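There are 2 protein chains.
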Amino acid sequence: MTKATPLRLGIAGLGTVGKGVVKIVRQQAQLLSARAGRDVVITAVCARDQTRDRGVSLAGYAWETDAVALAKRDDVDVFVELIGGDTGPAKDAVEAALAAGKDVVTANKALLAHHGQVLAETAEAAGSVIRYEAAVAGGIPVIKSLLEGLAGNEITRLMGVMNGTCNYILTNMEKSGRGYNALFDECAELGYLEADPNLDVGGIDAGHKLALLASIAFGTRVDFASVELEGIQRIELQDIKHAADMGFKIKLLGVTQMTGRGLEQRMTPCLVPDTSALSQLDGGTNMVVIEGNNVEQIVLRGPGAGMGPTASAVMGDVMDIARGIRIPTFGIPATQLQDAPSAVAASPAPFYLRVGLHDKPGAMAKVASILGNAGISIDRMRQLGHADETAPVLFVTHKCMRQALDQAIEAINKTDVVATSPVALRIEIL
Amino acid sequence: MTKATPLRLGIAGLGTVGKGVVKIVRQQAQLLSARAGRDVVITAVCARDQTRDRGVSLAGYAWETDAVALAKRDDVDVFVELIGGDTGPAKDAVEAALAAGKDVVTANKALLAHHGQVLAETAEAAGSVIRYEAAVAGGIPVIKSLLEGLAGNEITRLMGVMNGTCNYILTNMEKSGRGYNALFDECAELGYLEADPNLDVGGIDAGHKLALLASIAFGTRVDFASVELEGIQRIELQDIKHAADMGFKIKLLGVTQMTGRGLEQRMTPCLVPDTSALSQLDGGTNMVVIEGNNVEQIVLRGPGAGMGPTASAVMGDVMDIARGIRIPTFGIPATQLQDAPSAVAASPAPFYLRVGLHDKPGAMAKVASILGNAGISIDRMRQLGHADETAPVLFVTHKCMRQALDQAIEAINKTDVVATSPVALRIEIL
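Residue numbers (my numbering), protein chains in the order written: chain A, 930 to 1359; chain B, 930 to 1359.
These aren't lab readings, by the way, just hints derived from the structure by calculation. All values reported here derive from a predicted model rather than from experimental measurement. Treat the hints with care, as some may be off.
[To be verified] Computed list of lysine to any residue pairs in SDA-like fashion (alpha-carbon distance at most 25 Å, straight line): (1) 1020(B) <-> 1268(B); (2) 1104(B) <-> 1209(A); (3) 948(B) <-> 959(B); (4) 948(B) <-> 935(B); (5) 952(B) <-> 1225(A); (6) 952(A) <-> 1020(B); (7) 1104(A) <-> 1359(B); (8) 948(A) <-> 1056(A); (9) 952(B) <-> 1085(A); (10) 952(B) <-> 1104(A).
[What the hints assert, rightly or not] Pair ranges (Cβ atoms, derived): (11) 1115(B) <-> 1175(A): 32 to 38 Å; (12) 1115(A) <-> 1203(B): 49 to 55 Å; (13) 1030(A) <-> 988(B): 41 to 47 Å; (14) 1170(A) <-> 981(B): 41 to 47 Å; (15) 1029(A) <-> 944(B): 31 to 37 Å; (16) 1117(A) <-> 1203(B): 52 to 58 Å.
By construction, the Cβ of each residue, glycine as well, lies at the ideal position given by its N, Cα and C atoms.
Model the full assembly from the supplied sequences, consistent with the hints where possible.
The structure is reproduced here in structure tokens:
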């Protein structure tokens, strides 16, 4: 049998993931070749500092200092973008690669969440593909499962815990009894935080991922701007404890579904029942739950980050291209993706509400009456013991709309009884 | 844009899964067409009884009574085999389809476990593909994940609970306190059992699935004959209870890994820690755990059977073919698959051993000494209270080889103290 021509990769970015990809291509060359029916080789790489010892051999690779130059090289078939960031060199180089007729593999959720539509249209017009398994949920083949494996389904709902850093903080607050700030600092030391930590703890990174999955699931244009985003910064140890007392855990949970009013996309901290699969995720593990009209429910779990898992996802995409798999970026041609109206907070839910009140007569009644006036009925209410002058009061509401609750919170904040502004967390019954 | 030619399916077998496939193709035609970039249509179907009302419209489809005739039709591009069985019409028709240059999608694990190598060689020589996502773990896209998503990994171990009927029996023995026979009868009434129930409760069906996954994972020829098989028929309510007391659940667990001595494949009832993900599976749910050198560990969970989930898997394969995805049956060309030596019971483990002894002095000592002579050391031993003349005695061994234990059991059975032959269950520490 004559062998097909090798598939030639240009790797831009030699951080953790880039090094992992180099390792796999070098150390598993024979296995990749057998599976792809052709050799998979690296011809050129690019990073800022050529002199640094990265612990992997780069022998035999051409070196570029400019990612755009790498993207344009004649000896590169697939441009592998592992630089990161939604602007700057990552974007320039991906555009250059597509303009030069290359295929692109990327781990860059921010880039695709902001520019996915345009990039997909460009790629598809040129007959190129963009693959991005590594952009969502690390090593879990969730894009492939959704885009291909479940292609016979109308997707009804997709949920997921997709930021390992947030999950690390939340699960370790519970396990170790340390507060948010201590665990945030620990994550910084462990290198678990993005350069801008708000990408992690503000839910933005996970929101990027959700927006990409929503596009595939519902055939809609990526619409990150409409994701209802809320970070975990205001979660306190006492919230974790109160949730546990009620049989719940707190997770930064993404949910997307097509409703009668439009596309719902939210990435917010939620209380989930501690018997649910989602609640049992520890540390950096990710989980995605996909529900379809035929398949019922599929649950996928695995490491959400790290050199090996993320490089595994990059190589899954590379191998697909090596094997000739060519599918539109979001499953249907980008020009056919729909502009769905955004349905923010479209579905009612019970909420957990913690508010710190000045310890004086009538304070609790005032808050309760504001909730009542907003049409929010209270399922449970409890004032907790306290050492200082602020009394923490918990409410669990019956099902209500988030907008109504937010209006009530605004009114509560205007009273003279509030010491700390309310923390409101959705209770997601799975 | 001019539209590509439609992909034309011939559906052989109109049982539960076949009806599900017809439903999807009819009711989701537009979605399938958008995703595939071409229409996906059924041109002909085949089943024994044309007059039966199946609750789905078959209008517009040609009818064949002979599956081979269906497979050969000029207006069929993909032969969808949903007849079942490793011989007879299913095999004849798949062979005829391949001979006629068609692609094949099948849910038939038995056929591929027995004849996968020859069929794959035939298909690949003719440039056809065989896809079989529905053959393993129902709606879970496990074949796709292993074959494609994790193609950048050397697979180190694969485990799974892949027979919903066995899992239904075992989890309901625990929940309801009813015995094996009562639940077996319930499964028969519910239609959960294969025509030959031993395929389910004997572990054969799950063994077929494991053999297919092992081939993909390790690049080896399908070798069902070497799967170490053990059914769940001898599990008693007391075993479930004793296991629970020790912090375990009993699952029919498949494990395959490449060892220094060859390919290990086993499908046997095991005790798994009740904190593990595998232990938390209820009823008909399946779970597959895939471990790779880069990805670490991925866990996939979903419905293992049923009309919707299985039809979803069939349609995933159909959509792949419609989109031009063509990969060798087992990931590398069938002619390159290796003949791995079989390593039966290659790895030592602790075992749970229950034996019914005649209630007379020295009985327990006799058994313990046979174990000792076989080099099997005992971690825990307990004689339980009993109403009749047979005393149930439990042993938990330290790690030992299954062969040594089997020899000891043989010796134990030859003594005059045994009332019921020992039940030995591997304890799998995950």
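Hints, one by one, checked against the model:
no.: 1; hint: 1020(B) <-> 1268(B); result: holds (23 Å)
no.: 2; hint: 1104(B) <-> 1209(A); result: holds (21 Å)
no.: 3; hint: 948(B) <-> 959(B); result: holds (19 Å)
no.: 4; hint: 948(B) <-> 935(B); result: holds (21 Å)
no.: 5; hint: 952(B) <-> 1225(A); result: holds (15 Å)
no.: 6; hint: 952(A) <-> 1020(B); result: violated (43 Å)
no.: 7; hint: 1104(A) <-> 1359(B); result: holds (22 Å)
no.: 8; hint: 948(A) <-> 1056(A); result: violated (29 Å)
no.: 9; hint: 952(B) <-> 1085(A); result: holds (17 Å)
no.: 10; hint: 952(B) <-> 1104(A); result: violated (48 Å)
no.: 11; hint: 1115(B) <-> 1175(A): 32 to 38 Å; result: holds (36 Å)
no.: 12; hint: 1115(A) <-> 1203(B): 49 to 55 Å; result: violated (30 Å)
no.: 13; hint: 1030(A) <-> 988(B): 41 to 47 Å; result: holds (46 Å)
no.: 14; hint: 1170(A) <-> 981(B): 41 to 47 Å; result: violated (60 Å)
no.: 15; hint: 1029(A) <-> 944(B): 31 to 37 Å; result: violated (52 Å)
no.: 16; hint: 1117(A) <-> 1203(B): 52 to 58 Å; result: violated (36 Å)
Violated hints for the displayed structure, listed by number in ascending order: 6, 8, 10, 12, 14, 15 and 16.
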